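Participant: Chains as they are written, first to last, in the numbering used here: chain A, 4 to 306; chain B, 4 to 306; chain C, 4 to 306; chain D, 4 to 306; chain E, 4 to 306; chain F, 4 to 306.
Keep in mind that the hints are not guaranteed to be accurate.
Intra- or inter-copy, both count: the list cannot distinguish identical chains.
[To be verified] Calculated cross-link-like contacts (lysine-lysine; reagent style DSBU-like; alpha-carbon spacing at most 35 Å): (1) Lys-251 to Lys-23; (2) Lys-243 to Lys-23; (3) Lys-243 to Lys-90; (4) Lys-20 to Lys-243; (5) Lys-20 to Lys-251; (6) Lys-90 to Lys-251; (7) Lys-176 to Lys-90; (8) Lys-20 to Lys-140; (9) Lys-251 to Lys-118; (10) Lys-23 to Lys-118; (11) Lys-20 to Lys-176; (12) Lys-176 to Lys-118; (13) Lys-243 to Lys-176; (14) Lys-251 to Lys-176; (15) Lys-23 to Lys-140.
Simulated from the structure, these hints should not be mistaken for laboratory data.
Fair warning: this is a prediction, and the values are worked out from it, not measured in the lab.
One letter stands for each residue in the lines below.
Number of protein chains: 6
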Amino acid sequence: MKKFDDTLPAELPRLDKAVKRLCHPDSLSAVWHNSAEGAAMPSIEDIREIMSSLAAAIFPGYFGQTQVRLDSLRYHLAANLDSIYHKMSEQILRGFCFTCEKQHAVCPPRDSQSKNAALAFIDALPEIRRLLAGDAKAAYEGDPAAQSPGEAIFCYPSLRAMLHHRIAHELYKLGVPVIPRMISEMAHAHTGIDIHPGADIGEEFFMDHGTGVVIGETSIIGRNCRLYQGVTLGALSFLKSSDGSLIKGIPRHPILEDNVTVYAGATLLGRITIGRGAVVGGNMWITSDVPLNARISQEQPRA
Amino acid sequence: MKKFDDTLPAELPRLDKAVKRLCHPDSLSAVWHNSAEGAAMPSIEDIREIMSSLAAAIFPGYFGQTQVRLDSLRYHLAANLDSIYHKMSEQILRGFCFTCEKQHAVCPPRDSQSKNAALAFIDALPEIRRLLAGDAKAAYEGDPAAQSPGEAIFCYPSLRAMLHHRIAHELYKLGVPVIPRMISEMAHAHTGIDIHPGADIGEEFFMDHGTGVVIGETSIIGRNCRLYQGVTLGALSFLKSSDGSLIKGIPRHPILEDNVTVYAGATLLGRITIGRGAVVGGNMWITSDVPLNARISQEQPRA
Amino acid sequence: MKKFDDTLPAELPRLDKAVKRLCHPDSLSAVWHNSAEGAAMPSIEDIREIMSSLAAAIFPGYFGQTQVRLDSLRYHLAANLDSIYHKMSEQILRGFCFTCEKQHAVCPPRDSQSKNAALAFIDALPEIRRLLAGDAKAAYEGDPAAQSPGEAIFCYPSLRAMLHHRIAHELYKLGVPVIPRMISEMAHAHTGIDIHPGADIGEEFFMDHGTGVVIGETSIIGRNCRLYQGVTLGALSFLKSSDGSLIKGIPRHPILEDNVTVYAGATLLGRITIGRGAVVGGNMWITSDVPLNARISQEQPRA
Amino acid sequence: MKKFDDTLPAELPRLDKAVKRLCHPDSLSAVWHNSAEGAAMPSIEDIREIMSSLAAAIFPGYFGQTQVRLDSLRYHLAANLDSIYHKMSEQILRGFCFTCEKQHAVCPPRDSQSKNAALAFIDALPEIRRLLAGDAKAAYEGDPAAQSPGEAIFCYPSLRAMLHHRIAHELYKLGVPVIPRMISEMAHAHTGIDIHPGADIGEEFFMDHGTGVVIGETSIIGRNCRLYQGVTLGALSFLKSSDGSLIKGIPRHPILEDNVTVYAGATLLGRITIGRGAVVGGNMWITSDVPLNARISQEQPRA
Amino acid sequence: MKKFDDTLPAELPRLDKAVKRLCHPDSLSAVWHNSAEGAAMPSIEDIREIMSSLAAAIFPGYFGQTQVRLDSLRYHLAANLDSIYHKMSEQILRGFCFTCEKQHAVCPPRDSQSKNAALAFIDALPEIRRLLAGDAKAAYEGDPAAQSPGEAIFCYPSLRAMLHHRIAHELYKLGVPVIPRMISEMAHAHTGIDIHPGADIGEEFFMDHGTGVVIGETSIIGRNCRLYQGVTLGALSFLKSSDGSLIKGIPRHPILEDNVTVYAGATLLGRITIGRGAVVGGNMWITSDVPLNARISQEQPRA
Amino acid sequence: MKKFDDTLPAELPRLDKAVKRLCHPDSLSAVWHNSAEGAAMPSIEDIREIMSSLAAAIFPGYFGQTQVRLDSLRYHLAANLDSIYHKMSEQILRGFCFTCEKQHAVCPPRDSQSKNAALAFIDALPEIRRLLAGDAKAAYEGDPAAQSPGEAIFCYPSLRAMLHHRIAHELYKLGVPVIPRMISEMAHAHTGIDIHPGADIGEEFFMDHGTGVVIGETSIIGRNCRLYQGVTLGALSFLKSSDGSLIKGIPRHPILEDNVTVYAGATLLGRITIGRGAVVGGNMWITSDVPLNARISQEQPRA
């Protein structure tokens, strides 16, 4: 073989230098995260996979296998649920360990806590499916372009957003940290609909088109409500504590009672109540309560 | 080997119970779909793959293989088109069988109908490419930040949305159910632009930025129009039949004549006509006709 | 074996015809691109892979491997950076050759130019990480729903958009064509936030929710600014040259000084300056300067 | 864009010519196969996948998932068996259609026949596992280097060959064409052990090392036999019919009674019987019966 | 975030040390290879992929797609051949550059030489298919267990070995270095049949079972020959030059004339000629010529 | 949606029954393995991946990446070694837990033991590379058909077998259970060469062709030995203890001193010594010592 030459080319010192700087505590400490007990970080990839499995469990035939046989459905569903249970336990555990960092305290036994949360989540799946079937019905009935509830399941962003939200909200209620937000952001990335996992949303909910919808953490939405694209249910202002930092967790988003409709681009801010059956027109800016069955709209367009 | 212990742990009964409930007709019937003749459901994955193949067929070099040789292009294009034809036939068939369910009737021979639709679609590809090349030109000419039409093909959401729309619209015209909506929702998820497959859009169309644009099913758009982000071409209200259900399929969205420009955030609702060469300003709310070459804008900003 | 029958079925002539038409210069020339020196086109897939590697290099543990060991981090980081360097060089080269087409001129030696640009980019990574750590801090401090800066890194669209932007902007400053736009469009597709690579954005920048935000090419944003969903920093009008074509590259977007907040849906157009500490209310339409610390909001909502 | 040049380079005519010649009936007819009813050919890839699933079903933990939980094993096993059943039915059907070609006759309804064969095969799985567990025990007891039966399952070519053989033999007995041979050849490729699916092999069978072992179609092997590498159980000569073609299917390979041992490289040819408990020495060439408990070995080595 | 601790654990110095030693010229120089012009090494993965494509081109339906349509076969074959041509050119180029190292000379223009070799190889494909169809026929006629020539194509190691050999031999005749050996070793790994690419093998060749067959570089085999497992066509001794090194390339392996049969385990050594129609018995050791139609067998077995 | 029918088809009861029987302790207990501490089983897939990484670490450019840059080799090697270290630790741990089952005892702390073994293995890599470089040189010098040592690394089964063996032997010496056998069986499956991990093999070892070679657990081979295909270094007989079970671990295989050559098909059995420089002819059957420099061959062939 040829004598080989190990002269280093010019670019190496620069790469070496970049490595050194990126591994230096001055740079690394700003982005480094120590999970409790050296646990792995939550995995975006694994959560995405769990969501795919859940979609197949809730809507068989639409997601996952395209040809589901009713006879052997229970075989595959059982295997799928068991996998979901174990993978979800693992991610919940990572979620607990991720946030544990801030507590500067000895960790409680997280493993059984995670398994319990995952089991409680599995228990809730039939109810989650029932709610989503209602959401599909609402989409079909609310959109003149819809041909069937099945079409809504297949291709309506509202359904996809609610699939993620109803799952994330269940985990949120179980006190699971971080993971619900990661799930809701997956829906946001896919649909442009940003629902905080904390929002409490009633049956037969439909968002038409959906892009740009924002529903804040402490929002409460009744039965059979409908939003159009670009609607914001937001906070009016943020309370700060005496040291100037934001006070977190205070109810600060709107309450929509049953049968409320909000048209495209409307902005509803603060802990206000929109009365049952009210209709809020497009592009409205609302910061105070709206009475029962009111129809609020802006002045005549100037065209 | 060790004697093994088949005592079941506590979580199993709960998983068993969840399986049982999710397979119970009470739960399953709300989401179960029987396609005609036991056909498989349309496959999101397969349609996504078909769209990738179509992108490579229409814009060789930009999508698919990054190094295309002009000499052997016809080899690969032919193989690609044949695959597209067979895969598209299959998905069209599944689309027919999916919606067939509602008709409670004996199915006509769907297989040859599907193949014919797929062939007619293939026939339309050169025209689809011609229209998309015009859309790329419009993007380049309409955006001062664009460096070349090629850049528009590579990275403009407008082009990606129109690639999906012109394909979905062709299938829509061929009477293919469900599949066009699935395709348009793929574009919506990717770009935030929601164009119903039924919309009839003329040559050299450009949407700058695009996020939040909504173009309804019965919209008609002339040549050389331009929309900005957040523009809605929507319906003003929905007609209901005497039994209270929505009447579907009625013309209810705007008509834009040639050379119309609509700036960001404007909302155009109902079967109105925006005259040739008109310019609609940002955030406008329009529910009646706009004359030829009109320039509609809101009062002075209050800043 | 059976005698085989090579009679062609009816569909073949139609496929043949489609192939012929799609390969005909009349059709192909409208979409065909000749990169200089027969180079391959930039590859969306490869750039996506580079972006994943960069995310793992900048935020170890959050992206890429979920269990990073501090001790051997430098091993993997070094290998990763070297791969990034070589892949980035290749894509930069393709970018140069892609745009070279327009120049109708002899190409300068692109290979070493590309490597130099890639090395300069690698040099900038520690600074890019520092800026992004600041953006994570801003997100945590600015959103009452945020539980930790780590949560922001994991699941805030603002962080994802800025990860792409700060990388794309660095390449933009290095004069790399096309690639920065492809990167920024990846962020746009994922977040609904459309930031042109040319925009100059200061430290600790945060966009809440983000869907529909548009930040134009020549925008300048100071330190510690905050935008909400649907905010546009756009151009008021486009200058045309005497031959009617757009003049490209002129400063035409707003300047935001330090500590500016712009609420949801506001539209800021033209080369105006928003003074330090100013607050622009939701849905405002601004086309002229806003003074220091001003609070601009629309009239009372009409609810 | 640049004017593009569609002059074809020199290599194209040669590729065109090769395509033409390879598609010409003169060339194609020699390798073309028409399955009955236009069915797809059996798929090597799919059969390989079925074999992986079967290995996981028979030896849980060793193959497939490395961490199997006893509690939920039945979930995954049921899902796995259902998949195996459907995939196996499909391949059996393809096997029937593949060989049907030779019969120049109208096909009986193959679909239900295939499903029945697949179900009968599933029925046989517990017995196949029992036999393979016996083979693992025999390997452990027969090889002084073996540390446990588990080690034999993990890494003994004898076990891998028997896993394939006992499956292929079951399909062979069910009259399934082609597929059993494809399965046995997979084992041959992996282990160098070539057992025809027709061979009838008793319990607790072990082949040490195994490379080069050949066991012919009509061989019969009793309980507790052991072969070493390079042993052939072959035919002495082939009977030809009056037209000179081979007569197929006649018993022509050896019978080994219980407890027979054959050492490395021995060749046993023809329909001979090796009596119970006999031991055949290495490199022996045997063409006639061997009595009960005989010990046959070659003369002293000439070293 | 927690203060992080960058104390290195004990294992790092040992890994560091191993890296240092493995990168030290003392260790690296023994395995380092400099291809000419810094070319990449031949890629086992890419060659494997080329072989799969070739199998699909030669035996459509058996390998690659399992459902080939006669009508559109030419589309896919053309695309496949073009890919094979370009990938093969690349690997041939790497082969030239790989061996170029030994020549300590300025390289001739390898690129066009590689393309020419690849084109010549493509030209030979119809003849290669013709020969392989003959090999399949020979397998079917020679094995009483074979049910059809198609079965031989699907699952006979003889066919797989000859598929690789006839391809490797063509490249060998074209003077391509290294690649033919890599291809023949792929067949060897899969079948246990080791044929040197240089061996010249006539039509309708069949090896039954095949494991352990060795056919040396300068072997010449006539039409219609048949070998059984474990047959060696080897060299008797190696000539050494005056400096003690082996003289390479001298004819040193047997010549088999037409219609020769060699039974299992026979060893034929040296440049001897086995006359037309001769039959060599199992386990024979042959080092001199065998006359026309001779039947050579060992003495009666001693059983 | 259609009313759905959950009548079960006939095949379900049979699948249910098969599941029940395969999960019944009577069937399951024969193949069930309980690793200590509920650890996962060793993973064939993971070990295969480790072997690929090791091949790339030892022979850069031949395996793994085909274009290795000398300058940044250390980056990738370091990352690769760290991954190998962690994956190897995990598999070693699983190996310990796998065999622990037989000991009916409390496990020592396996985790640190596994890491130590993995580190010791990493330490040995430079020496393993040195030995393999010698094996490549021996292949090149010993085969007149070899063109370069590089060719031997690329495509000689001898090198592939020794790559696996020298790694497996190192782990064997470190007392790692099961894993070494799994590695050696991978080589056996690929090459037909079956070397027990316990065999002690000197420098510059070469096996030409190799198929069918068997080298037993307690074999000892000196420097510069050469074997041909089908050579067996085996045990003559197995000692049994008073209870009839095999006594394991006793030296029972041949010792080859330096410079020994054994031609194809020779069988060497028992704890005999083949003296330095001896040559054993093809197909010989040797069960007693062979003196220094002896040349043992069978009588003249009977041709």
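Participant: For each hint, tell me whether it holds in the structure or not.
Facilitator: Structure-based check of each hint:
no.: 1; hint: Lys-251 to Lys-23; verdict: neither (38 Å within a copy, 41 Å between copies)
no.: 2; hint: Lys-243 to Lys-23; verdict: neither (40 Å within a copy, 49 Å between copies)
no.: 3; hint: Lys-243 to Lys-90; verdict: neither (39 Å within a copy, 47 Å between copies)
no.: 4; hint: Lys-20 to Lys-243; verdict: neither (43 Å within a copy, 47 Å between copies)
no.: 5; hint: Lys-20 to Lys-251; verdict: neither (41 Å within a copy, 38 Å between copies)
no.: 6; hint: Lys-90 to Lys-251; verdict: within (30 Å within a copy, 43 Å between copies)
no.: 7; hint: Lys-176 to Lys-90; verdict: within (19 Å within a copy, 38 Å between copies)
no.: 8; hint: Lys-20 to Lys-140; verdict: between (59 Å within a copy, 26 Å between copies)
no.: 9; hint: Lys-251 to Lys-118; verdict: within (28 Å within a copy, 45 Å between copies)
no.: 10; hint: Lys-23 to Lys-118; verdict: between (41 Å within a copy, 20 Å between copies)
no.: 11; hint: Lys-20 to Lys-176; verdict: between (47 Å within a copy, 21 Å between copies)
no.: 12; hint: Lys-176 to Lys-118; verdict: within (15 Å within a copy, 41 Å between copies)
no.: 13; hint: Lys-243 to Lys-176; verdict: within (25 Å within a copy, 39 Å between copies)
no.: 14; hint: Lys-251 to Lys-176; verdict: within (17 Å within a copy, 39 Å between copies)
no.: 15; hint: Lys-23 to Lys-140; verdict: between (57 Å within a copy, 24 Å between copies)
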